[in-house]
Every structure is written in structure tokens, then in C-alpha cells.
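Asks: Given next are the chains, with one letter for each unit.
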Amino acid sequence: MSHINLASLEIGQVVGSTEFLLTRDSLVRYAGASGDFNQIHYRDDVAAAVGLPGVLAHGMLTMGAAVQVAVDWVGNAGAVVDYQVRFTKPVVVDPVDGAVLVVTGKVGEIDAENKIVRVDLEAVFADTKVLGKAQARVQL
Amino acid sequence: MVNPNVQGKKYPATDPYLVGREKIREFAHAVKSTNAMNLDVFAAQAAGYTDVIAPPTFAVVIQERSLATVLGDPAAEIDFSRVVHGDQRFIHARPIVAGDELVSELEVASVKSLGAHSMVTFETKIFDSSKELVCTAISTLVVRGDE
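Residue numbers (this note's numbering), protein chains in the order written: chain A, 1 to 140; chain B, 1 to 147.
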């Protein structure tokens with residue numbers, strides 16, 4: 001059951017928008033939780049040595065945070081039956097200020113028969129979209 | 001470059017991964033989830049789950065175990081230091097629940113060349129202890145070649 005009335009939804013309707021502050025602490029926490037200890041996510045010297053503009057957020061952290069907008073809307077993390085993204089731009093995380101990621105979810109497609117709504121997620125860092133084709137299909 | 005002959009290659013199932021309740025909570029905090037289903041056993045049970053459920057991207061932890069097998073396979077010739085994550089998808093038959101014992105089986109779905117670069121797509125199927133499919137994780141890695 002869901003609090004969302006499928007019949008009242010419209011394509012393009014905004015379902016939510018959240019601002020995530022990704023700090024170096026966030027990256028260390030994600031590294032530990034996920035087991036992804038690639039040093040480009042916490043060492044400035046390593047990031048510079050491989051030609052990056054700075055320490056980057058894990059793409060999977062951006063992906064994992066972005067989907068929360070869809071989860072918060074539907075109210076159940078288990079309702080996300082299909083979720084995909086393309087990693088198009090890096091999120092550079094300043095050691096002091098971190099990085100602000102603004103994620104907005106909109107209704108992209110409504111499958112009334114199967115009660116599945118596609119939520120299109122736009123993730124913006126420093127005025128740039130960092131995810132492409134970010135789509136979460138939620139089962140109502 | 002990636003050895004194109006690994007296209008279609010299947011890797012054996014990983015050892016079972018036991019999904020812990022605190023691991024789910026730790027991962028949920030890390031991806032900034034505030035969803036009660038990820039954190040609160042009673043909320044998850046009220047929604048019909050046996051225990052807390054994992055955030056939608058938690059399956060990456062299981063996928064990673066299969067990917068490590070491929071990256072460690074000399075026949076695949078993948079230089080990890082040149083790898084960039086291109087895209088990722090998770091198709092869930094059901095959410096991952098604390099207490100699940102999961103194994104994953106990976107197949108190299110495709111190897112493509114893009115100029116000096118290679119794009120490798122992996123399809124990892126994650127099964128529970130009843131051999132039921134829980135999630136299909138599809139990941140494309142871009143392996144940078146010499147410019």
C-alpha cells in the first residue's frame with residue numbers, strides 16, 4: 001500500500017528535492033561501509049598523481065544518496081525495483097567545505113497497469129549535472 | 001586494453017555473504033538514508049519484512065566480490081588503476097534483508113572498444129540461500145587505454 005495516488009500524478013511533477021553535503025568524513029564513512037578503499041577518495045596526493053582535480057566522491061556514494069529522494073517520496077527503500085545511473089562528471093570534495101549535491105526527483109513515466117513510477121533524478125554539483133540517465137523505478 | 005575473449009565468460013559463485021543488521025545500518029548512514037526500513041527493525045517488520053532491508057545500492061557490496069574475482073583474473077587483462085566506473089544498474093526481485101546469505105555469479109556480458117579505451121559490462125546475479133534471484137547488478141567499467 002502506498003500514500004501516493006497514482007491517478008493524480010503527472011509527468012514532470014517534482015516529487016522531492018534534497019541537498020546532500022558530502023564531506024571528506026562522508027567519503028571515509030562510505031569507504032568503510034562499502035569496502036571501496038580506492039585512495040582517490042581520501043588522499044589528495046594520490047588524486048593529484050593520477051591527474052584528478054582533487055579527491056572525488058565515490059560514484060556509488062552519489063548514486064546511493066541520489067536515490068534517497070525517490071525512497072523518501074515512496075516511503076519504503078524496498079519499493080525501488082530498478083535503479084540505474086550513468087556517471088558523467090566527477091564530484092570534487094573540498095577538504096574544508098566538502099561538496100554540495102542537490103538532487104531533484106521528477107515523475108518520468110507512469111505505468112498504471114503495473115503500478116510502477118519512474119522517478120528521474122537530477123543530481124547537480126557546482127551547477128553541473130553529475131549523473132546521466134538516473135532513473136529509479138518504484139513499485140507503488 | 002581488455003582481452004575481448006573474456007566476453008561471455010562466467011565466473012564461479014562467490015562464497016556466501018551473510019548480510020548483518022548493523023552492516024545495513026552502517027551502509028544506510030553512509031548513503032545518507034533516513035528511511036526507517038533501513039534502520040528500524042519494527043518499522044521494517046510492520047511493512048512485512050523479517051528485518052531491516054538494505055538501501056537500493058547495497059547490492060554493490062555483493063557485486064564487488066564478484067568483480068574482484070574478474071579483476072584478479074590474469075586472462076581478463078584488466079588494469080584496475082585505469083578503471084573508471086561508467087554506469088551501474090540494480091534490478092531487484094526483492095530487497096536485500098538482514099539475515100540473507102547471498103552468493104553472486106558474474107558473467108562478462110560484453111567487451112567493446114572505444115578508440116583506445118575499452119568498455120566492459122558485467123552482469124552479476126545475486127541469489128539467496130534458496131537459490132532465488134534477489135538482484136541483478138549490471139556494471140560497466142571504462143578501462144582507459146594509452147592516449
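These are computed hints drawn from the structure, not numbers from a lab.
Among the clues, some could well be false.
Just so you have them, the derived chain A footprint on chain B, three or more residues with Cβ under 8 Å [claimed, not checked]: (1) 33–46; (2) 52–61; (3) 84–98.
Where is the CB? At the ideal position from N, CA and C, for every residue including glycine.
Asks: So, for every hint listed, does it hold in this structure?
Replies: Going through the hints against the structure:
no.: 1; hint: 33–46; in the structure: holds (count 5)
no.: 2; hint: 52–61; in the structure: holds (count 7)
no.: 3; hint: 84–98; in the structure: holds (count 11)
Checked against the numbered hints above, the structure violates none of them.
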